[in-house]
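Novice: These protein sequence lines are chains A and B, in that order. Just so it is clear: in the first sequence, position 163 is 162 by numbering that gives the first Met the number 0, and no numbers are missing. Just so it is clear: in the second sequence, position 221 is 220 by numbering that gives the first Met the number 0, and no numbers are missing.
Some hints could be false.
Unchecked claim - Here are the computed lysine-lysine pairs in the DSS-like style, where the Cα-Cα straight-line distance is at most 25 Å: (1) A:301 - B:174; (2) B:71 - A:499; (3) A:540 - A:261; (4) B:71 - A:527.
Keep in mind that the hints were calculated from the coordinates and are not lab data.
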Amino acid sequence: MKRIICLLLTAAMLLGCLAACGGDAGSSEPSKQESSQQEPSSKDEESSEASEPEDESTGAKDPVEFSLFVDMTWFWFDKWGTEPVSQKITETTGVSFDVTRASDDQQLALLIAADDLPDIVYTDSNARTALLSDPNVCWSYNELIEETGVDIHATESEIANNTRPDGNYYALLNAYTSQEAIDEGNTLLSGGIPSVAYRTDIYEEIGSPKLDTLEDLEKALLAAKEKHPGIVPLLNGDGGYLHYFSQQLGLKGNRDGVGYDKDGSPCYWLGMEKVDEYYKLLNRFAREGLLSPEAMTYNHDKFCEVRNAGNSFMQVRATDEAQSSNNAAIQAGTDYRWKLLTNELSDDALVGVNTGIGWAGTFITKKNKDPQRAIEFMSWARSEEGRKLCSWGIQGEHWDYNENGETVTTAEYQEALSSGKQKQDDFGIAVWIFGDQGDENAFIDHAVTDPDMQDYYARLQNAVKHTAVMSELYFCIPTEGDMLNIYNSLGDMVKSEEQKVIFAETEEEFKEALDNLYAQAESMGMSKLNEWMVQQLEARK
Amino acid sequence: MNKKDEISHRPKGTFASRFRQQASLQMILLLGLLFLAVFSYVPMVGIIISFKEYKLSTGLMGFFTSEWVGFKWFIEFFTSPMCFKVVRNTLVLSLLKLAIAFPAPILFALLLNEIHSSKFKRLVQTASYLPHFISWIIVSGLCFTMFSSVNGLLNELLLKWGWIDGPLTILTDGKQYWGLAIGTEVWKETGWNAIIFIAAIAGIDSALYEAAQIDGANRLQRIIHVTLPGIKGTIVIMFILALGGLVNGNLDQAMMLGNNLNRDYSEIINSYVLTIGLRQFRFDYAAAVGMMQSVISVALVFSTNALSRRTTGAALY
Chain A
0 MKRIICLLLT
10 AAMLLGCLAA
20 CGGDAGSSEP
30 SKQESSQQEP
40 SSKDEESSEA
50 SEPEDESTGA
60 KDPVEFSLFV
70 DMTWFWFDKW
80 GTEPVSQKIT
90 ETTGVSFDVT
100 RASDDQQLAL
110 LIAADDLPDI
120 VYTDSNARTA
130 LLSDPNVCWS
140 YNELIEETGV
150 DIHATESEIA
160 NNTRPDGNYY
170 ALLNAYTSQE
180 AIDEGNTLLS
190 GGIPSVAYRT
200 DIYEEIGSPK
210 LDTLEDLEKA
220 LLAAKEKHPG
230 IVPLLNGDGG
240 YLHYFSQQLG
250 LKGNRDGVGY
260 DKDGSPCYWL
270 GMEKVDEYYK
280 LLNRFAREGL
290 LSPEAMTYNH
300 DKFCEVRNAG
310 NSFMQVRATD
320 EAQSSNNAAI
330 QAGTDYRWKL
340 LTNELSDDAL
350 VGVNTGIGWA
360 GTFITKKNKD
370 PQRAIEFMSW
380 ARSEEGRKLC
390 SWGIQGEHWD
400 YNENGETVTT
410 AEYQEALSSG
420 KQKQDDFGIA
430 VWIFGDQGDE
440 NAFIDHAVTD
450 PDMQDYYARL
460 QNAVKHTAVM
470 SELYFCIPTE
480 GDMLNIYNSL
490 GDMVKSEEQK
500 VIFAETEEEF
510 KEALDNLYAQ
520 AESMGMSKLN
530 EWMVQQLEAR
540 K
Chain B
0 MNKKDEISHR
10 PKGTFASRFR
20 QQASLQMILL
30 LGLLFLAVFS
40 YVPMVGIIIS
50 FKEYKLSTGL
60 MGFFTSEWVG
70 FKWFIEFFTS
80 PMCFKVVRNT
90 LVLSLLKLAI
100 AFPAPILFAL
110 LLNEIHSSKF
120 KRLVQTASYL
130 PHFISWIIVS
140 GLCFTMFSSV
150 NGLLNELLLK
160 WGWIDGPLTI
170 LTDGKQYWGL
180 AIGTEVWKET
190 GWNAIIFIAA
200 IAGIDSALYE
210 AAQIDGANRL
220 QRIIHVTLPG
230 IKGTIVIMFI
240 LALGGLVNGN
250 LDQAMMLGNN
260 LNRDYSEIIN
270 SYVLTIGLRQ
280 FRFDYAAAVG
290 MMQSVISVAL
300 VFSTNALSRR
310 TTGAALY
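One chain only, chain A, in its complex shape (with noise of 0.2 Å):
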């Protein structure tokens, strides 16, 4: 009997050792059912144009949900139908998501290498948008297009940038910006840009000095630390936002990027024209105990916390973060508050350095169960009543027309932003911008009575004559290959190698740190990838 007992209960570990092992099957195996789904074939095509009672103009048809992956662990929502925006897009056009927020960078990745992706991906991962754009892993527009023969609303430069070497395009990333409507002023900066914050309280306490130039920025930090010596003057997080003051100096390329050196060639970043300058900067800045060492280490919360805690004088980071600033010393019931830099520092600065062809790309993958739906969601959200919901907010409710024609916000709508409510957290506006374009997001929000808030469209529209679109420079970015490993590489060591740079102790540690750090690069083969780099730009042209 024992021994029975023993081999029965053993038979049944073991087959539930297979269970687990076993998975999903049927979610790795697409079934022929779901084979037969993922084909946008005509016959599905004719199908649906019959059976569904659609609103042309809407979009409107039956309810489907789509399981939607957002690679971006900072997102704001991770829960569909919360606030209004995404509960007027459903009602609009039935679509709903059942959404999944990356809990880190990886996440995605592995996703793909475990061939269980969900229905759509939304990211703004230039690595991860490589990996996506791949016919085994993603539908690409342009198939989707032929078959069903959606408009997408695309411009032919939008199709150009987007399209991969193999000539189809996975993605067309939102949020693009083209040089002619900068020109036009018709745009504002993402409120993603570096900016500098300062505390009022401090700001007067050392006599409310003018700050229009780096030199008198220093000049108010020193002034700081002499009166608060126990605070962190210029505080800062990780994320790379002390490339403000690469902008401010006027470098032609992106931190961590791509730009032009002085001979106008593309070149990785440690190539650029006035990359000692802005390291010598910074070093001065540190050495004269303007930057903590720590603080570079500082994720978004800790970066808060020491922040909220009174900690520091001015803050370097994103635009919006001067808003949330204030709402934690409305909250925490303190007598300042946080008051945003507009202007720029140099009559050089190059604040919009627009080296990519747009922000974050929308990915239908071939585990979708239903890509027509979802191409057609995609044109919606790309036409001009999809982008203004999900930009601007519901017409009549945040934002509508006046007597003459132009958009603004509601009275209402200001009133809640007056209030403490934040656009994106409570009413989901500009969340959820999937077709979204860099263009039309000048024409809302201009009448904003909320001191606080018309700095922040003024710092973000004042960025936008500092701007200069260099899309071409996004083709230099490998996406494959050696120079991908190099360009990875590159990226990694100087994220370490640069703070020995920055926090060196003399003019002469600074310049053998310097020294180091190009010839770290050059051994790892940047000159390779700057003469590759210059190859695919020839190509391109």
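Assemble the complex: chain A is given as a structure, and chain B must be docked to it using the hints.
Specialist: Frame of chain A, contents of chain B only:
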């Protein structure tokens, strides 16, 4: 046992009949073997990508269909500027742990054994275990609270007392990282690791202590001549196991306490593999580095085991 005895003790009958006789026990063993095969041996197939140019999007099949590149990734690692640093950090940190964190629980167990008040002994033992159950994430948070240069408790006190002019940069100064790593490791794990030695000490015959006491041995002499020889076997086995993990390092600790400023001293092979593999999606290169680490680990275990057998007579196998 001579050869004749061995033969007489061998179970009789064919393999199949013997297996049937022991079926219930063999099934349990089979389960263990299956577990080992599925979770330890099958994944080793992945080693193959350390010799291939592997693309993530090709999934599992890519392991076999990717292009062979020979020792390309190994050469790249050995010629990269990080190679020396990560190997040095891994070895130095492990050796320091071996020299400091390994004897610490032995010493702690010996000290605890000398306490006569059982209530106090239990209290100390329980308190010493607790840090083991705290994750490295919490430990790094505690370190920030204690050692932060911006309002950290230690810096606040030292500055207040006038012992230092400026804040200590314990968390960001690479040269202080090894001390930080060993200190936190000792604090966190000494109590827990002492359990096995406390158990070994408890197994020593008390008559030996009485005999030593009659012979006039004082406390220290009893420790040296009775306790330590009594737990020698345990110490040796734990030492061999520790050597096996010599090149493994402590990944959690490196990830939580390491940062871009102390990276020259905090990056170990494991964290490097993670960074390269998962953040840069270079699974092929990361597999090569990981494999190299495993080969060194295995070599260390075998050589230490052989050395131990020759010198002390005690060995794992």
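Novice: State for each hint whether it applies.
Specialist: Taking the hints in turn, this is what the structure says about them:
no. : hint          : in the structure
1   : A:301 - B:174 : 24 Å, holds
2   : B:71 - A:499  : 30 Å, violated
3   : A:540 - A:261 : 20 Å, holds
4   : B:71 - A:527  : 18 Å, holds
In this structure, only the earlier hint numbered 2 is contradicted, and the remaining ones agree with it.
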